[in-house]
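Student: Throw the hints in and build the complete structure from the sequences for me.
Going by the numbering used here, the sequence shown opens with residue 6, and the numbers climb by one from there.
Hints are supplied without guarantee of correctness; some may be wrong.
[As the list claims (entries may be wrong)] Below are the DMTMM-like pairs computed for lysine to aspartate or glutamate, each with C-alpha atoms no more than 25 Å apart in a straight line:
{"hint": "1", "residue 1": "LYS172", "residue 2": "GLU121"}
{"hint": "2", "residue 1": "LYS239", "residue 2": "ASP291"}
{"hint": "3", "residue 1": "LYS172", "residue 2": "ASP191"}
{"hint": "4", "residue 1": "LYS239", "residue 2": "GLU286"}
{"hint": "5", "residue 1": "LYS172", "residue 2": "GLU186"}
{"hint": "6", "residue 1": "LYS172", "residue 2": "GLU286"}
{"hint": "7", "residue 1": "LYS239", "residue 2": "ASP317"}
{"hint": "8", "residue 1": "LYS239", "residue 2": "GLU297"}
{"hint": "9", "residue 1": "LYS172", "residue 2": "GLU190"}
{"hint": "10", "residue 1": "LYS172", "residue 2": "ASP287"}
[As the list claims (entries may be wrong)] Label-pair ranges, simulated between beta-carbon atoms:
{"hint": "11", "residue 1": "SER103", "residue 2": "VAL176", "range": "49 to 59 Å"}
{"hint": "12", "residue 1": "GLU214", "residue 2": "LYS172", "range": "11 to 21 Å"}
{"hint": "13", "residue 1": "ASP168", "residue 2": "SER103", "range": "48 to 58 Å"}
{"hint": "14", "residue 1": "GLU271", "residue 2": "PRO292", "range": "13 to 23 Å"}
{"hint": "15", "residue 1": "GLU271", "residue 2": "ALA101", "range": "26 to 36 Å"}
{"hint": "16", "residue 1": "VAL29", "residue 2": "ASP222", "range": "28 to 38 Å"}
{"hint": "17", "residue 1": "GLY160", "residue 2": "GLU297", "range": "35 to 45 Å"}
{"hint": "18", "residue 1": "ASP317", "residue 2": "GLY166", "range": "33 to 43 Å"}
{"hint": "19", "residue 1": "VAL29", "residue 2": "PRO282", "range": "34 to 44 Å"}
{"hint": "20", "residue 1": "GLU229", "residue 2": "ALA79", "range": "12 to 22 Å"}
{"hint": "21", "residue 1": "THR241", "residue 2": "ALA28", "range": "39 to 49 Å"}
Hints were generated in silico from the structure; no laboratory data involved. No experiment lies behind these values; they were computed from the predicted model shown. Quick reminder that beta carbons are idealized off the backbone N, C-alpha and C, glycines included.
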Amino acid sequence: MHDLTVIGGGVIGLAVARHFQVAVGWQCLVVEREASCGLGISSRNSEVLHAGFYYPPNSLKARLCVEGREQLVAYLQANDLPLNMCGKYVVAETDATSELERLRRQGELNGVGNLEIIEAGWLQRRYPELAPLPALHSPGTGVLSADALVHFLAGEFQAAGGDLAVKTSFVGMTNTDSHYELALEDSSGERITVSSERVVNAAGLSALEIAQVAGFDYAERGFELRYCQGSYFKVTGARGRFQQLIYPLPTANSLGIHIKLDLQEEVSLGPDARYLPELVEDYSVDPGLEAEFRRQVRPYWPAIDDYQLVADWSGLRPHIFVDGELRHDFHVLEEGPAGCPGWVNLLGIDSPGLTAALAFGPYIAQLWD
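Tutor: Set out below in structure tokens:
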């Protein structure tokens, strides 16, 4: 009997399992269908440590991003894991400076400090290739290695006695009132049953499907999942050109195509936001998107036309629509009202999920208190 089983070995599933295994002292099991952890959403994102000013006050994203960022910075530094606190500038057309002020005030309400609006021209003096636009400066934004974080979390979890089952899929659940009997299937098709007092479904792109398999009828609640694909283009010859992330204003369903840096200061552009027609994990990048990328970036980086763009990689975001409307917040759903106390479904966990990862475990623990 496990105290907790976590379905999904991405960064959030591992962070939740580590919290209960290490900090609480429970015996936990992580079930991961791939051959190793962190191969899903965790491996295909901008690897940005967000400050927390994008999200409406009192939203779960605002709370967990700000709490998780503080915990994650301390965790990365304490364990000597890669982190570059490079900072970020969000630029705006001169007729949209009120949006920068709105983001600054929102950040302050969320508990984000040190946000400053920079006058038009200042950023261009630092980076002459940029347009002379006003910007919001966020020094609390950074870049990390999601892969290094995933592997460290998995190692710490297992070193503390946690159980990890890879190449293993969840295929069914029986609620016995006192605990859950979980049907699992390995890559050879062999089935086993494990017992667990509590369950967290942190399966990322598959979380809604897992919830349906477990018997939670989210379709009746009006839930619909759509994959939002975000593609990236590498900017050749631009390595080291920027030392900070440069973002446009956010759009309705994304943070906008931005100048992305990795830990080696390679420069990329992305992601865009396009909904796939089907729930198929398509990670191909259409080279024909180059013209649209240039069009969206040119207003703040006119010199982009001096560089070659190469189609690079893409990621998928699990966007949840309820009754046809996109719900931007995280869905952390404790299923006690549905007759399954101790079962939590994590749905629609996209950005800033990486930043918030370490805050999910303590938050779930509060739901169970």
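Student: Of all the hints given earlier, name the ones this structure violates by number, lowest first.
Tutor: The structure conflicts with hints 1 and 20, although it agrees with all the remaining ones.
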